[in-house]
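Chemist: Chain residues, written in single-letter form:
Number of protein chains: 2
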Amino acid sequence: MHFTLQKKDEKTKARAGELKTDHGTIQTPIFMPVGTAGTVKGVHQHELDKEINAQIILGNTYHLYLKPGLEVIEGAGGLHKFNGWNKPILTDSGGYQVYSLSGQRKIKEAGVKFQSHHDGSYHFFTPERAIDIQRTIGADIIMAFDECTPYPCDYAYAKKSMHMTHRWLKRCFDQMDRTAPKYGYEQALFPIVQGSVYEDLRERSAEKIASFDAVGNAIGGLSVGEPDEELYKATDLVCGILPEEKPRYLMGVGTPVNILECIALGVDMFDCVMPTRNARHGMLFTSEGIINIKNKKWEMDFSPLDPNGTATVDQVYSKSYVRHLIRSNEFLGFQIASIHNLAFYLALVTEARTRILDGTFSEWKDKMVVKLANRL
Amino acid sequence: MHFTLQKKDEKTKARAGELKTDHGTIQTPIFMPVGTAGTVKGVHQHELDKEINAQIILGNTYHLYLKPGLEVIEGAGGLHKFNGWNKPILTDSGGYQVYSLSGQRKIKEAGVKFQSHHDGSYHFFTPERAIDIQRTIGADIIMAFDECTPYPCDYAYAKKSMHMTHRWLKRCFDQMDRTAPKYGYEQALFPIVQGSVYEDLRERSAEKIASFDAVGNAIGGLSVGEPDEELYKATDLVCGILPEEKPRYLMGVGTPVNILECIALGVDMFDCVMPTRNARHGMLFTSEGIINIKNKKWEMDFSPLDPNGTATVDQVYSKSYVRHLIRSNEFLGFQIASIHNLAFYLALVTEARTRILDGTFSEWKDKMVVKLANRL
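Top line first, the protein sequences correspond to chains A and B. 1 is the number of the first residue of the first sequence in full-length UniProt numbering; add one for each residue after it. 1 is the number of the first residue of the second sequence in full-length UniProt numbering; add one for each residue after it.
Rather than coming from a laboratory, the hints here were simulated on the basis of the structure. There could be a bad hint or two in this list.
Where chains are identical, the list cannot tell them apart; a pair therefore holds if satisfied intra-copy or between any two copies.
[What the hints assert, rightly or not] Quick list of in silico lysine to any residue cross-link-like pairs, SDA-like style, CA-CA up to 25 Å: (1) LYS182 - SER303; (2) LYS41 - HIS163; (3) LYS297 - THR136; (4) LYS67 - GLN315; (5) LYS41 - VAL316; (6) LYS296 - GLY120; (7) LYS67 - ARG280.
Just so it is clear, the structure is predicted and the values come from calculations on it, not from any experiment.
Produce the complete structure using the sequences and hints provided.
Modeler: Here you go:
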């Protein structure tokens, strides 16, 4: 797996690059749709490919480990074979869901004991186990097992947690070295910078993470409730320390505005449940601003869902029809809105890339962040 | 609108025909997917067309009248324009939902007063109003406003109700004559035979309905809980009375076996929620029998969902994957199973038609009804 930095923007810290994997090349900056349980909710794999232009999707280790379970995924020959998505897959380590979804969990140096949210059964994740599981799932990009601190988080806890995350990281790399890919293609481990919103901790963590010389690096512990300024400040600080020649992945971010601002700070990869989760509540992101399709305002609007949209659903369905579907809790409404939002996110990062390559990113970004925040 | 009888099977009463409408020709026998609220649940319109090969779909007057409401549908220029389905649409009269879904309803000679299941608001449907609403929805085929008697139903009530349905039918035809299509294409009224499971009533009702010389005729009040023998007996009796040169539509039927048996009795058109509703519970109809995809048996079965299936989903997704999706309540599982089941129903009636045309229907049907009832 290899990252090539193709162009650096002159007015911002934005970059365009290419990450080569055994399942294909990812052009950055990129947004990665979240496929929690081996499926991006409401979206067929061929729609991800042809309508949304996704280049890489996420899987959630916690969910896949519980259902369908590792035996099934390994039986299929890995997640790509299981769900029929043949492009790259990144899996998180399971840590985030363990902290946020589990009824009971106990974090110790050895690892984390937790209860399944399905049936209350007990499970134990360690850094080593998280690597083994991701090896079995067959992710192209494996994420380190870390603790994602909440917001707000007191300094003492953030510091203690960060150090444990660093010790866990060493164990993750050791386990990667001790094990081999199961399905014949390369799997790379991305370590994760933590440190909450504390500059000295973020600095120290970024330096530590950089020292591992991984194929790519991630920034975690953000987009957990902190104000946007904190998000941008920490991202800027960390991007300044992480090596330039490696891709930078900002985990769980964010709104279209967040994404453009963080591209300008030097981030290459993003993921977020927002486009699909908000779609199910009728929130549509468009190049002219945000639409709440449930509003009365759209009831008699028979114009295409998004005349500027790149997906087929944008042209063949009207605002009025999609409003009706979402208000009636019809599956098709969630499907249309999900495809629309994901296609919009992908078109946005694709245009950002084009703008970086042709040198017009900065002006375009400044105009876009105003429009994107509009409420239509 | 015109029906052409193309071929009569020699060993059974099965027929092949063509119903020409302003939105295209329907080749019979045909199955019509149910698009309750202007959407076949979980299925895109282009999937109905290209994957499922649907030729006509249903809309439910009761649901569409309440949501999105007539103003919206008329504003769009009718249901075809509203939902983007450009082939024929049939609407029921709303009566069935009024009887089965409404909390409160009062049936009188004038019409039926009922409460919305959404908000408890009061509404009043009459035969005239049911025609007006269906004119506004823009159905190609409009169904008469009738009373669908439950099963079991005592003789006296069935008789009284049948006579009222006949009086209502006269009012429906009168209202059709007094009104014109709203969107420039022809709309035809199909009357409905009632009479519960009583032979003399069914006979009398079929004769009455036949006397109206409508473009097509329907058989209602079946598939409401009666045993299959009663369904077949009543269908056979009524088909023997309804004119041969007009299409016969058996409402709300049924399983794949029911459909083949009733084609053999002379039915041309079917609709049923079973393929989509059962799909959402993991029941898949296949040419080898019925699969409950939730069963442990399919957990490690990585073979295609249905190797004999005609839809793309049948080949690109495995049984194991679809089992996982349905058990995890993932939208995509419901989508895949719905497309599969509908494509299977359409492929089944299409093959029935081919067999009728080439004279091999009877033997094929006898073999198929055994296989179709298998539990795999």
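Chemist: All hints, please: hold or fail.
Modeler: Outcome of the hint check:
no.	hint	verdict
1	LYS182 - SER303	between (50 Å within a copy, 21 Å between copies)
2	LYS41 - HIS163	neither (36 Å within a copy, 50 Å between copies)
3	LYS297 - THR136	between (49 Å within a copy, 22 Å between copies)
4	LYS67 - GLN315	between (36 Å within a copy, 23 Å between copies)
5	LYS41 - VAL316	both (21 Å within a copy, 17 Å between copies)
6	LYS296 - GLY120	between (42 Å within a copy, 21 Å between copies)
7	LYS67 - ARG280	both (23 Å within a copy, 19 Å between copies)
Checked against the numbered hints above, the structure violates only hint 2.
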